[in-house]
Amino acid sequence: MSDVLIIGAQNIDIFAKSNSDYSLHDSNLAKIHIAFGGVGRNIVENVQRLENNVHFITVFGDDYFSRSAYSSLEEMGVNLSESLKLKNESNSVYLGVMDKDNDLFIGLNDMEITNNLNKEFFETKKEFINKFDVIVIDNNLSEETLHYLLSTYQDKTIVMDAVSAHKVVKLKNHLSYISVLKLNQIELNELTMETEVINQINELHLKGANTLLITNQDKDVILSKKEKREVITPLKHDNIINATGAGDAFLSGYVHGMLKGVTDMEKLKFAVKVAYITLSSNNSTSELLNIEEVNKL
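Numbering-wise (my numbering), the sequence shown opens with residue 645 and increments by one.
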């Protein structure tokens, strides 16, 4: 098994969906679904299910949700020995209220606990972090913390998920430190004034970006390095149940390929298959994901 360190957020996802228009300032009938989530955690679950040895640095409180999140990862075999556990704190929670068309009506998040994953905390983990060659970081950390990690571990292979259009702007001045940056088209638009994708990519490379992984829903995925580009079309899916974890799944498959030392195109082919499997799940990860299922596609 290949060892990898993943640093980032874990939270509880609560989704509420009504089959009719909402009546504001009143009680509404809805279906409510609770699941484990968070970009960091999603990647952890996927990479672990692909038979890698995953170490996860994140933060937990001591409430019911925290204990559930911790034990579920532990049962999967994820190493949490260096994660932070805080007393009298609640777990990070995301609440998404969906409309009758399954689009987001309003989203609310309480991720304040994640601020405890700060520079001072990571300074105490230097000996542990130095054991790993590949480090995956999600962009839910503060800019100060990200700058510390990226500048301190320049000799490592750093893989980053942009997370969101709002958060990707934190990376503008740190592109050269990141070995692989995964972002979607909306996030890419935030990093450049260019409008054409090729011009956007070229500008980021001029600013120091190394490998870029660019997804755009069901459109072609682009892998761009300064010296070459690869393009792959995602597998056509006729029964998408939940697309929220597809990007995380894609990056997870790519990371697996990195750990196995395969070619760039082999990484991409594997990654789109992992994303395909995840699209059929109610949650942002799929319990059906494993090497055998990927190889069937």
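Keep in mind that the hints were calculated from the coordinates and are not lab data. The structure presented is a predicted model; accordingly, all values stated were derived computationally and were not measured. Careful, some of the hints might be misleading.
[Said to hold, decoys possible] No more than 27 Å apart at the CA atoms, straight line, and that leaves these computed lysine-lysine pairs for DSSO-like:
1. K851 / K869
2. K940 / K870
3. K800 / K816
[Said to hold, decoys possible] Label-pair restraints from in silico Cβ distances:
4. E771 / Y666: 45 to 55 Å
5. H669 / F772: 43 to 53 Å
6. Q829 / T907: 22 to 32 Å
7. E771 / N883: 27 to 37 Å
From the three backbone atoms N, C-alpha and C, an ideal C-beta is built for every residue, glycine too.
Taking the hints in turn, this is what the structure says about them:
A C-alpha spacing of about 13 Å is found between K851 and K869, which places the hinted pair at or below 27 Å, so the restraint holds. The hinted pair formed by K940 and K870 fails the criterion: a straight-line CA distance of about 33 Å is larger than 27 Å. With a C-alpha separation of about 20 Å, the suggested pair K800 and K816 falls inside the 27 Å cut-off, and the hint holds. Checked against the hint of 45 to 55 Å, the C-beta distance between E771 and Y666 comes to roughly 52 Å, which is consistent with it.
Range check, H669 to F772: Cβ separation about 50 Å, and the 43 to 53 Å hint holds. Under the hint 22 to 32 Å, the C-beta atoms of Q829 and T907, about 25 Å apart, fit the expected range. Here the CB-CB span from E771 to N883 is close to 47 Å, at odds with the stated 27 to 37 Å.
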